[in-house]
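Trainee: The listed protein sequences correspond, in order, to chains H and X.
Mapping of the first sequence onto our numbering: position 96 corresponds to residue 96, and the numbering continues sequentially without gaps.
Mapping of the second sequence onto our numbering: position 230 corresponds to residue 230, and the numbering continues sequentially without gaps.
Hints in this document: simulated from the structure, not taken from any laboratory.
Keep in mind that a hint or two might mislead.
Identical chains share a label here; the pair holds if one copy fits it or two copies do between them.
[What the hints assert, rightly or not] Below, simulated DSS-like cross-link-like pairs (lysine-lysine); rule was C-alpha separation at most 30 angstroms, straight line: (1) Lys24 to Lys599; (2) Lys198 to Lys114; (3) Lys134 to Lys114; (4) Lys377 to Lys149; (5) Lys228 to Lys505; (6) Lys259 to Lys300; (7) Lys378 to Lys150; (8) Lys284 to Lys377; (9) Lys226 to Lys474; (10) Lys198 to Lys134; (11) Lys599 to Lys505; (12) Lys263 to Lys486; (13) Lys378 to Lys149; (14) Lys372 to Lys134; (15) Lys377 to Lys134; (16) Lys284 to Lys378; (17) Lys280 to Lys377; (18) Lys268 to Lys280; (19) Lys372 to Lys300; (20) Lys378 to Lys129; (21) Lys284 to Lys300; (22) Lys300 to Lys377.
Residue-level listing of the chains:
Protein chains: 2
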Amino acid sequence: MSEFKLLRVNLSSQKVREERVDEKTLRRFLGGRGLGAYLALKEIPKGADPLGPENKLFIMSGPVTGTAEGFEAGRTHFVGKSPLTGLLGESNMGGRFAPWMRYSGYDGIVLEGKSDEPVWISVIDGEVKFHSAKEVWGRGTHYTEYYVKKQLNAKPNEGAVLAIGPAGENGVRFASLIHAGGRAGGRTGLGAVMGSKKVKAIYVYGTRKPEVVDEERFKKGVEHLKEKIGNHPVKKALNSYGTAVLVNIINKIGALPTKNWRKGTFEKAEEISGERMAEKYLVKTRGCWGCQIECGRLVKTYSPEWGVPEGSKGPEYETIFAIGSNLELSNLEAIIRINHVLNDLGMDTIEFGNTVAVLMELYERAEELGEKSEELKKLLDGLRPVWGVPNPVLELAYKVANRDGIGNVMANGAKALAEAFGCDCVAEARGMSLPAYDPRAIKAMALAYATSNRGGCHLRAYAVSFEVLGIPVKTDPLEVNKEKAKMVKEQQDFFASIDSMIVCKFNTFMTPSPEDYVDLLAGVTGWDVTADEIMEIGERIYNVERLFNVREGDPGDYLSKRLLEEALPDGPAKGETAKEALEVMLPAYYEYRGWEDGKPTEETLKRLGLQEFLYII
Amino acid sequence: MSEFKLLRVNLSSQKVREERVDEKTLRRFLGGRGLGAYLALKEIPKGADPLGPENKLFIMSGPVTGTAEGFEAGRTHFVGKSPLTGLLGESNMGGRFAPWMRYSGYDGIVLEGKSDEPVWISVIDGEVKFHSAKEVWGRGTHYTEYYVKKQLNAKPNEGAVLAIGPAGENGVRFASLIHAGGRAGGRTGLGAVMGSKKVKAIYVYGTRKPEVVDEERFKKGVEHLKEKIGNHPVKKALNSYGTAVLVNIINKIGALPTKNWRKGTFEKAEEISGERMAEKYLVKTRGCWGCQIECGRLVKTYSPEWGVPEGSKGPEYETIFAIGSNLELSNLEAIIRINHVLNDLGMDTIEFGNTVAVLMELYERAEELGEKSEELKKLLDGLRPVWGVPNPVLELAYKVANRDGIGNVMANGAKALAEAFGCDCVAEARGMSLPAYDPRAIKAMALAYATSNRGGCHLRAYAVSFEVLGIPVKTDPLEVNKEKAKMVKEQQDFFASIDSMIVCKFNTFMTPSPEDYVDLLAGVTGWDVTADEIMEIGERIYNVERLFNVREGDPGDYLSKRLLEEALPDGPAKGETAKEALEVMLPAYYEYRGWEDGKPTEETLKRLGLQEFLYII
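Kindly generate the complete structure, drawing on both the sequences and the hints.
Mentor: Quick look at the structure:
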């Protein structure tokens, strides 16, 4: 790979410009997440308003994107400044957008500036066009995808659409970017960044082929992955039950966040499990571009109350936790419908669910709110967000997307909602709500969440893999030790490279070593890379991301009070908090990283060749 | 009354201007509906886009508005060109807006032009201010009222707010104007006219007193009404059960439209009746300004699914039909919540319910739609509008207000939806859906609907009063005769004057003669009016309205096919259509009116002093 072709789209002037990122930079950051973070740090000015014209949205592929089938190389990475955290925002989306983007002639698209009028953009075999989006502004992503393809007379399987819903238009700080009906760049609110630029959708299509420098070695790398994945029991589990296979597993160890993180087990977990979904609602499985795992669920429902189109995208494990156990909601059909609506409105299901959970707790504890309780009542305008009742959740989806009443407060996220009512009832790190693994029951997740540069996230280090699933080795999830800090750090670095190549992280369950990717990366780029270099690139990326945060006033590596001070009352982790985990592991982690107080040292930056950013620390 | 003080607000220039309408014109049109129609005809240019800057919104009081208590003189009348019908649009709203408008110094406000940015307007003791509405644009009317009063530090009982919701902003063609949480200028879509001018809300407050010329005679007139109303059993019925007292009455005679006008009785009518509402959900009664009837319901609900604020506005009979029987929905709590949401989003419940009814029929008969059935499926995006199921109805409210997916088609009204899918399954006249009385079971209503200038309406002539309630005399609702045509014509004229004074029509159940209003009107104006003059003024108004329609290409006095050709299958009116009623009564009606082919003749116009409009016929 000798260059990375970026399409720069200036919305203010409606001018476009091609730019080539040189090979030297690529070898330092690969593409995807890494290159995005590097460019974001260089180009987005300090203190920029995430919803202002100075912010940028990087839509990135990586060197292996769209090259070969059998492992998952179809994902897209987004980078920008997050409207939710005010720090680095980034998100990774499945489906087939990035492959089609490369086929259209560009390895990445950068949205800059701000349009006056709503537009959508088509990129077809190198030709870029702006179209008025007046007709679809205000509408959902489902209709928008349909509309865009109709306008272009595109065949169903040709090209890909990326769209935002009303949430992105209305500056909901956890608005998502949606593709193919339900593939989401969900976290950190980059949908609102696209919305602030008044870009409703992007269509990409073309016939260009991505470059593979050393075909033979590349093929060897692909075959290696294909074979290891193809024979692995994890593939079978993901294919049979999707990510929701985790519901029962995580519930069993007492780590399934329930009732706004006040319990670790949900007595009705079985009813919202992947097994139940497969048994009653699954129509067929669906993979991203080139993927043999096919963890995606295409589902149907039966009741008139909770209809979805037959074969629409089913909820992931994270959504099932956020809309299900965490709200004590066990009606899987309702969850399927609400997930569908959230995708249509374009909102991160994790942040939305957590925000509703906070609201339900506020509503339950209204008497403790003092004079704020009247304001809550006023803003709720009669809605009764009660545990386990789906109707208000569905209505809240619309209210948040429209920023109406209580929805206008909720649109700023769970932490903002809790703060607005003076309640310490939120599970978050760096201002982003936590996903579906209680760190009090899976200790290494405490560190993973606290040190995640994009805020509370399970995908920067997925310590669940060793703590629960035994990949690559099984650890005791309730034990706290420094070795885990090292494992978290290494996973963060490894995943940063994986997100930059870009390969799906589910591959790493089955091919969990950087070694597994050496031939693949060397083949596609022609570089003589090693496993160590892959890890070093990941570490460089992780440091660049941290530098972005430090420059913007990073609030540091913490977990919110609920996890540090309130012990789990139930399940195998009864009595546990996440306090000790952080106290023991965070200092060890900083040592492994070469950081002081959460900041890279001069020595570390020099070691990673990041001297140009010394000014930040 | 020597003058009518109009405040002209030009939104394009943000300039305001006071104008006085002379006494001669007032004596010809009174105020309210009459003066509004006259000015609309003179000022709104032929062919004007209802949502363009050339349209105007007249917000009117009448000579008796806010003068004395004991009869209902608190209503507001709106006039403009209707986005729903393309003809004259007008609507009458309860509450206390018009009295406060008069106290603020103006008898009427005319919105003209179109603002670039969203604004709200305050009129306080003659002083007009424009405020940015950026903070509330996109929000519901409930929050908007709260916000406006908060901005001005207004006391709860001082002043009044008129607001639109997202439906009005998004050009929903049946968007309403909302005041006091649920008082609605619902029909003909004038909320969208206010929205097109980017006016979110108007606040009025002041301490000026309306003029009463002959205090003594006025007092005599007031006492007459007060006494007759106070002792009347209809007052008791309306006070006890609200307008929903009609559910059981109309169901009993087989005229309660059910399942999109395919039945005339609803087996679960009892469950959605005014009696049931009083028994289970009523918190207290509430009247408009100065009213002793208090037909308004303040309600509560119990279930978490269908919450409303305790004491919020309960649904009227029309809403209970539109969201209830016509959708075969018997869950009164759900109806209460949906009504609340429709008020918040700012939509006419009658047109919305009828549009959903058409959608349910389309969904049920999808197989008959041919190639359109795929499009319907696509636009529904999984929603299953099934008879009797409330959830999809609630979601459709949001989808229509946001003009998303199927909501974008529904936002143009029931007739437009039926036409889009090639289905003759709509009950309408002049493009507006019919209200809650099946004209196949109440024959005079067939004529009333067909000849209503604003389209299918029960309030231009309320033939139900004689056909069902026996006011002033009881007729046989299934009989067709020419005498009824005369009664309809006379009621139309009488009501046109009543809507121009402005007095609530419920008064006319108890004081059903123009004689009853002579002292009142003579007293307040100082004019030596007679009952005949009141009737003649009404006739003049009715002809002016008709002239507006004729100029805009009136589609004529018809009822849609469902009512003319499909016989009722059930109840006391089984086997009946409305065909004969129209065939017999319409020619007689034209004769009484002095019209030919639905148009006033030259002679009629001259008789009524409307020579200036001879150019139209």
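Trainee: Of the numbered hints stated earlier in the document, which are not met by this structure?
Mentor: No numbers; nothing is violated.
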